[in-house]
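Chemist: Start from the sequences, fold in the hints, and give me the full structure.
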Amino acid sequence: MAKVIAPFKISGTLDDINFVNTPEGNIARMKRDKFMTSKEFMANPIYDRIREQGKEMGYASRKSRIFRLLAVQFYKKSKDVSFAGRANKIILEILKEDNLNPKGQRTLEEGMKSPFLSEILIGFEGNKNRSLTRTLQTNFSYSLEQASITITDFIPKIHLDWPDEATHAHLALAVANWDFANDNFETCYSEEIICDKESEKQDIVLTSENPEENHCLLTFMFIGFSKKQRGKHTMLHRRNNTVSIIACQMPKKS
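Residue numbering for the sequence shown follows our numbering, beginning at 1 and increasing consecutively.
There's no promise every hint is true.
To be verified - As a list, the in silico PhoX-like pairs of lysine-lysine whose alpha-carbon atoms are at most 25 Å apart:
1. Lys-197 / Lys-227
2. Lys-76 / Lys-227
3. Lys-228 / Lys-201
Calculated from the structure, these hints are not laboratory results.
Modeler: Next up, the structure:
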């Protein structure tokens, strides 16, 4: 590639040279001898790895669309700009656990059989800048059978990382049945508990129903913040809130 220095601009083609006007100046480039057709690309084994990667990325993108809806009521209130990309990435991580099918043909159904599934999914944040461990600074217990979270001796002012303008905290849980094979789901949400920042020590118990089906049960914990003015709670921007996967259970093998 060469840069043309002249008192005038040149555009068009001269023999095998293309002249192009760009923000960097008047550029002269050699024409390509030949452009690869899609048929040639598909037939050339050199590009096998690129094609395999493209297939899996497209597959992961389709599967992650449902994954992002599992706790959509929470994600509307708590997510960052990297949320969709991180959801795709986590599906790709699960695909890599498929040791049965070759790359490019790996499936979520096989990947979800991984013994490391909980390690991959638990801790996934809607808003990575406000993690659960940063926001909730005390321990909690979770019961899958009762679909409940318990925080004992909870002191809101001490045990939460409060945004400057927040006056109240909103706590809730959700249990989602993720039918990953058929791209379906059912999610049950608990009632929301609202705590005043200045309220005294208390026990918090969040309880929801369990979905009827049992494919992959994922439990989400949400903590959001609001500002109360004249009796009305206004939720702060989603960058201040957190939602995290805290439990993952696959059906027990019969």
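Chemist: Could you run down the list of hints and mark each one as holding or not?
Modeler: Hints versus structure:
no., hint, result
1, Lys-197 / Lys-227, "holds, 10 Å"
2, Lys-76 / Lys-227, "holds, 18 Å"
3, Lys-228 / Lys-201, "holds, 20 Å"
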